[in-house]
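Here's the letter readout for the chains.
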Amino acid sequence: MTQVKMTVNGKTASGDVEGRTLLAQFLRDDQGLTGTHVGCDTSQCGACVVHVNGQAVKACTMLAIEADGATVDTIEGQANADGSLNVIQQAFQDHHGLQCGFCTPGMVMSAAALLKDNPKPTEAEVRHYLDGNICRCTGYHNIVKAIMAASGQDVSAIAAE
Amino acid sequence: MPKDGGIGASTKRREDVRFLTGNGRYTDDINLRGQAYVFFLRSDVAHGKLTNVDTSAAEGMDGVVKIFTGKDFEGVGSIPCGWQVTDKHGQPMQEPGHPVLAQGKVRHVGEPIAAVVAETLGQARDAAEAIVLDIEELPAVINMKDAVKDGATKVHDDLTSNLCYDWGFVEENKDAVNKAFEEAAHVTTLELVNNRLVANPMEPRVAVGDYNRSDGEHTLYTTSQNPHVIRLLMGAFVLGIPEHKLRVVAPDVGGGFGTKIFHYQEEAFCTFAAKACNRPVKWTSSRSEAFMSDAHGRDHVTKIELALDAENNFKAIRTDTYANMGAYLSTFAPSVPTWLHGILMAGNYKTPLIYVNVKAVFTNTVPVDAYRGAGRPEATYQLERLVDKAAHELGVDPIKLRRQNFITEFPYATPVAVEYDTGDYVATMDKLEEMSDLAGFAARRKESEAKGKLRGFGVNCYIEACGIAPSNLVGQLGARAGLYESATVRVNATGGLVVMTGSHSHGQGHETAFPQVIAEMIGIDASMVEIVHGDTARTPMGMGTYGSRSIAVGGSAMVRATEKIIAKAKKIASHLLEASESDIELKDGAFSVAGTDKSVAWGDVTLAAYVPHNYPLEDIEPGLEETAFYDPSNFTYPSGAYACEVELDPETGQVTIERFSAADDFGNIINPMIVSGQVHGGLAQGIGQALMENCTYDSDGQLLSASYMDYAMPRASDVPFYDVDHSCQTPCTHNPLGVKGCGEAGAIGSPPAVVNAVLDAMRSGGKDVAHIDMPVTPSRVWAAMQG
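Sequence order for the protein chains is Y and H.
As numbered in the numbering used here, residues 22 to 182 make up the first sequence, in order.
As numbered in the numbering used here, residues 1131 to 1917 make up the second sequence, in order.
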């Protein structure tokens, strides 16, 4: 077992992990941060996306020991300080960008990373960026719409609710 | 309308807040004190005799609590099948046993053979690697037509063959149908494959078993669409646990699409092992395990024929389908190719004679069962491809041929046993032509051609049957369950309500939509209503959510219970207002005496029910809580017309969806935002089936598509913004809300439109291809273009 220590959502988090323990397991099982989901075992689905030192990372693809000393942000730390939904989260609710909610944490974390790098993405850019995030419920329509709305773009012309 | 949303309002979903902040509570988020973990050792061969399972090296490994094999389950019940189909000779289907852990034989890759329970998942997995299996490999039967040949290797030695049943429907019509084909002016024939799919809800299955020695109560937390069904099947048929000692909880569930309806071995195992190990036992499926253990969907091979007269009127349809059951009968598998498929073969058309033959076949593959649409997509695909093919053979416009044959008068009794109550297929087709800008297609095709691309336009219609019912009818058809739904409405003293529903939400938004109905009925804010679901200890016996039944059946039960609440509340109000009960009106959350200004607020009446000081105790009991069980008198029949526009690159065979329009008739609608979302999701699954998804086995029974690197799930860049409309509304006539259900339409209605559009594009490039099988991948298109 190896001790790891990192900053998760602004707080110090430490624990003893096996060499094979994934960051996703450390967050879920050791830290009780179950908002980070695991939907596959081949790094395709993106339900586990978190930010490590500001970069979007699939937490099922990174060992916990690799994140030793890092700053990690998860879905649990995304709401505004007063507990209200942040701009991206609010847009997902406003535009019905989630159904079962399982892929949602990864979608929100990916969207945040996208908008940080590209504050006004086109529809094609949003769709391309989400290549590593699979949703089975929404058909992506309202996710793409929500992310464009969160970037401050007018989405009223996009069909349907 | 109540100020925070009644019927018809696109109320934002209240459940979203917990999902968006990481506070959802899915089954894998549940960790019980003292919990151990199970890892299943699964068969890596498709068919073999299991001669020995040697666990001796694994037993003493670090962290191992207990290792289970098939021997531990001798005397334990078989995983039951919930539907018995009767074949065309009046005989029951062949029904093999389905063990929790393999007994003497393995019959598909992924079948669980042994289970290691250990302190950690890693230790369980390590120990499983040390188990030595002796499997004498047998020839695998994979292809359905080979499986039913004389002398084929049998999947089950104790059955007479690999044929589960040979079903004819309606058998009495067969001769008349054949005669109509002899007399036809034109016959169109089509052979096609409805590709095998994997449902792939993003949350893999999870089960956590718990046993309380102090009271002998078992609890199973599981990723289920229908916890009561699991409790009944597992308790009564597998483990022999009476229902009052078994609680099944399905908390937040991350999508289902049918595959979480069924009772699986892992649920029974965790419940059994929790008692055997005297500690909670948890199983979390990996995605790789999910591909080889979740029930698959579709997998039909069909020949269908259409007889037309000289005026292009449809006179008869004849079909011959092979339906894959896999190695065992999953919970509702036998019903899918029969009663959920055959009864839909009339589609939107007044074809007077129909005969459907279905041969269900055992193969050495994962069991196949309901996946979004379940039988109805298979019916729609073959019929709507057939009609398109007929139109091209006859040189008539495909939309015109459809319109000519539309059913236009309702109710309409089809020749396949069902009666459509309402519909307006002309209206949805009119709407579709407008939405899809059919008039502008020629110009768009020119633009594509200027870029060296081909453009195609395809349409189809669909009819769905939702809320399968009534129970006494489905019992005659072989269902071993009722198909009612339940609701208990509990009004609190201060006026708030809790609805305990047997329906289950795994993405459909019940927590938002159901309160909208009650808010409308009583005239209070929807925020005063809370929905409880997914726990057998907290809800009345209910059948759960599948087949687009929640609002039509579960919503109706809730309406009936609420009507009882209102009736009783009116009695209390009449007492408080000293007026005749018949003069009491409920509006905007207050009871008033007709024609007067006397009124009493909802909250005052509910308080009186629980603090019955001034109360007619001699006439009515205190309290305000009612339960209703609603058993529909018929299915509901949503319908619609869909159009797909594709661009095809003749150099590469790549097809892109440029536009997709969906005009649906769902009857009345509770929350349009949620309804549109349901259609969007279904469309992506239908487009996925048409263009990308394919679950494939090699001839040895090895699953070739067992990860997201091999099974092509639609990504955001594979689909367009969809144009959906549900303004055409012919309300259902036999349920109190006039609703029809919308959960599966998108997946049912979209595959034929996509394929019809691809063939149209190919024709515009000079390639008149009669048919191309799904998934229409670039390699298949390219090959067809060269052929």
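To be clear, the hints were calculated from the coordinates, so they are not data collected in a lab.
Be careful, since some hints might not be right.
[Stated by the list, open to error] Pairs of lysine to aspartate or glutamate residues, derived as DMTMM-like cross-links and limited to a Cα-Cα distance of at most 25 Å, are as follows:
no. : chain 1 : residue 1 : chain 2 : residue 2
1   : H       : Lys1196   : Y       : Asp50
2   : H       : Lys1701   : Y       : Glu39
3   : H       : Lys1583   : Y       : Glu97
4   : Y       : Lys26     : H       : Asp1159
5   : H       : Lys1142   : Y       : Asp50
6   : H       : Lys1581   : Y       : Glu144
7   : H       : Lys1530   : Y       : Asp37
8   : H       : Lys1196   : Y       : Glu144
9   : H       : Lys1405   : Y       : Asp115
10  : H       : Lys1142   : Y       : Glu39
11  : H       : Lys1581   : Y       : Asp51
12  : H       : Lys1583   : Y       : Asp103
13  : Y       : Lys141    : H       : Asp1159
14  : Y       : Lys141    : H       : Asp1853
[Unchecked claim] To be clear about the criterion: a stretch of chain Y counts as covered by chain H if any three or more of its residues have a C-beta under 8 Å from a C-beta of chain H, and this derived list gives those stretches:
no. : stretch
15  : 25-35
16  : 51-61
17  : 74-85
18  : 118-125
19  : 130-139
20  : 143-152
21  : 171-178
Every value quoted in this text rests on a predicted model; they were computed, and no experiment measured them.
Where is the CB? At the ideal position from N, CA and C, for every residue including glycine.
Each hint, compared with the structure:
no.: 1; hint: Lys1196(H) to Asp50(Y); in the structure: 23 Å, holds
no.: 2; hint: Lys1701(H) to Glu39(Y); in the structure: 66 Å, violated
no.: 3; hint: Lys1583(H) to Glu97(Y); in the structure: 47 Å, violated
no.: 4; hint: Lys26(Y) to Asp1159(H); in the structure: 23 Å, holds
no.: 5; hint: Lys1142(H) to Asp50(Y); in the structure: 32 Å, violated
no.: 6; hint: Lys1581(H) to Glu144(Y); in the structure: 21 Å, holds
no.: 7; hint: Lys1530(H) to Asp37(Y); in the structure: 70 Å, violated
no.: 8; hint: Lys1196(H) to Glu144(Y); in the structure: 53 Å, violated
no.: 9; hint: Lys1405(H) to Asp115(Y); in the structure: 46 Å, violated
no.: 10; hint: Lys1142(H) to Glu39(Y); in the structure: 43 Å, violated
no.: 11; hint: Lys1581(H) to Asp51(Y); in the structure: 55 Å, violated
no.: 12; hint: Lys1583(H) to Asp103(Y); in the structure: 53 Å, violated
no.: 13; hint: Lys141(Y) to Asp1159(H); in the structure: 35 Å, violated
no.: 14; hint: Lys141(Y) to Asp1853(H); in the structure: 24 Å, holds
no.: 15; hint: 25-35; in the structure: violated (count 0)
no.: 16; hint: 51-61; in the structure: holds (count 8)
no.: 17; hint: 74-85; in the structure: violated (count 0)
no.: 18; hint: 118-125; in the structure: holds (count 7)
no.: 19; hint: 130-139; in the structure: violated (count 0)
no.: 20; hint: 143-152; in the structure: holds (count 7)
no.: 21; hint: 171-178; in the structure: violated (count 0)
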